[in-house]
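A.B. asks: With the hints as extra help, turn the sequences into a complete structure.
Chains as they are written, first to last, in the numbering used here: chain A, 1 to 113; chain B, 1 to 111.
The set of hints was computed from the structure by calculation and includes no laboratory data.
There may be inaccurate statements among the hints.
What the hints assert, rightly or not - If you want the footprint, here are the derived chain A segments under chain B, 3+ residues with CB under 8 Å: (1) 13-24; (2) 102-108.
As the list claims (entries may be wrong) - Cut-off 30 Å, straight-line C-alpha distance, at most; resulting in silico cross-link-like pairs (DSS-like, lysine-lysine): (3) Lys2(B) x Lys45(B); (4) Lys2(B) x Lys108(B); (5) Lys108(B) x Lys101(A); (6) Lys42(B) x Lys108(B); (7) Lys108(B) x Lys45(B); (8) Lys101(A) x Lys2(B); (9) Lys98(B) x Lys45(B); (10) Lys79(A) x Lys42(B); (11) Lys42(B) x Lys79(B); (12) Lys80(A) x Lys98(B); (13) Lys79(B) x Lys80(A); (14) Lys79(B) x Lys108(B); (15) Lys101(A) x Lys98(B); (16) Lys79(A) x Lys98(B); (17) Lys98(B) x Lys42(B); (18) Lys80(A) x Lys108(B); (19) Lys2(B) x Lys98(B); (20) Lys80(A) x Lys42(B); (21) Lys45(B) x Lys101(A).
Claimed, not checked - With beta-carbon atoms standing in for the labels, derived distance ranges: (22) Gln45(A) x Lys108(B): 34 to 42 Å; (23) Ala9(A) x Arg66(B): 37 to 45 Å; (24) Asp71(A) x Lys98(B): 37 to 45 Å; (25) Pro8(B) x Thr3(A): 27 to 35 Å; (26) Asp39(B) x Ser58(A): 27 to 35 Å.
Cβ atoms here follow ideal geometry from the backbone N, Cα and C, with glycine treated the same way.
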Amino acid sequence: SQTIHQWPATLVQPVGSPLSLECTVEGTSNPNLYWYRQAAGRGLQLLFYSVGIGQISSEVPQNLSASRPQDRQFILSSKKLLLSDSGFYLCAWTRASLNEKLFFGSGTQLSVL
Amino acid sequence: RKEVEQDPGPFNVPEGATVAFNCTYSNSASQSFFWYRQDCRKEPKLLMSVYSSGNEDGRFTAQLNRASQYISLLIRDSKLSDSATYLCVVIPGSGTYKYIFGTGTRLKVLA
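C.D. replies: See the structure below:
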């Protein structure tokens, strides 16, 4: 069966510090991968998605970036965090075809202070 | 207009009640639709897909109205454990891998 791992579960970072969140999927190959952010009391905002190694689609211009160095690894990064980057970050995956079900990792609660 | 819109609620209902949520979408070419459930500070979990002819899973019924561009979720015989936020998800068009979420509808089932 397929599983998705996301870490860390919680993170507290000062403003201006860098960020790296990692997500890996097991039990499948060539998944589509996604990063979402959920601000407190708000809906899920699609940040990035990837349909293959090195292929990244960015949905929202911001100081975040994403990379997919390996087939089942998706990384969310920032060089300098802003207060507004605080939120619940969720990685998700689907099978590599259209209209598939989306499955989420357990999320990272990021607080930028 | 937002791509996917939901009434944020909260819907406060007694145990055993029937409750319905609607979700509207703006892109008439949208292909696939889902309902997810999210508990506080947890990841969303798939509740059910929404099929064109409507579909049922136990106490839950999902329907699609393409003409009016909305989907609905009906929960019968509400349980305390149904208290959560229900998220509507739409794939906005053909040939896209994007999944757009509504802001969610909060449900509180009261004893």
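A.B. asks: Confirm or reject each hint.
C.D. replies: Taking the hints in turn, this is what the structure says about them:
1. 13-24: With 0 residues closer than 8 Å to chain B, the stretch 13-24 of chain A misses the three-residue bar; violated.
2. 102-108: holds (count 6)
3. Lys2(B) x Lys45(B): 23 Å, holds
4. Lys2(B) x Lys108(B): 25 Å, holds
5. Lys108(B) x Lys101(A): 26 Å, holds
6. Lys42(B) x Lys108(B): 17 Å, holds
7. Lys108(B) x Lys45(B): 18 Å, holds
8. Lys101(A) x Lys2(B): 22 Å, holds
9. Lys98(B) x Lys45(B): 17 Å, holds
10. Lys79(A) x Lys42(B): 27 Å, holds
11. Lys42(B) x Lys79(B): This hinted pair holds, its Cα atoms lying about 19 Å apart.
12. Lys80(A) x Lys98(B): 27 Å, holds
13. Lys79(B) x Lys80(A): The hint is violated at about 45 Å.
14. Lys79(B) x Lys108(B): Since the Cα atoms of lysine 79(B) and lysine 108(B) sit roughly 10 Å apart, the hinted pair holds (cutoff 30 Å).
15. Lys101(A) x Lys98(B): 12 Å, holds
16. Lys79(A) x Lys98(B): 26 Å, holds
17. Lys98(B) x Lys42(B): 21 Å, holds
18. Lys80(A) x Lys108(B): 39 Å, violated
19. Lys2(B) x Lys98(B): At roughly 15 Å apart (the allowed maximum being 30 Å), lysine 98(B) and lysine 2(B) satisfy the hint.
20. Lys80(A) x Lys42(B): 26 Å, holds
21. Lys45(B) x Lys101(A): The given pair, whose Cα atoms are some 10 Å apart, holds under the 30 Å limit.
22. Gln45(A) x Lys108(B): 34 to 42 Å: 25 Å, violated
23. Ala9(A) x Arg66(B): 37 to 45 Å: Since alanine 9(A) and arginine 66(B) have Cβ atoms about 40 Å apart, the given range 37 to 45 Å holds.
24. Asp71(A) x Lys98(B): 37 to 45 Å: 21 Å, violated
25. Pro8(B) x Thr3(A): 27 to 35 Å: Because 32 Å falls inside the window, the suggested range holds.
26. Asp39(B) x Ser58(A): 27 to 35 Å: Holds, at about 29 Å.
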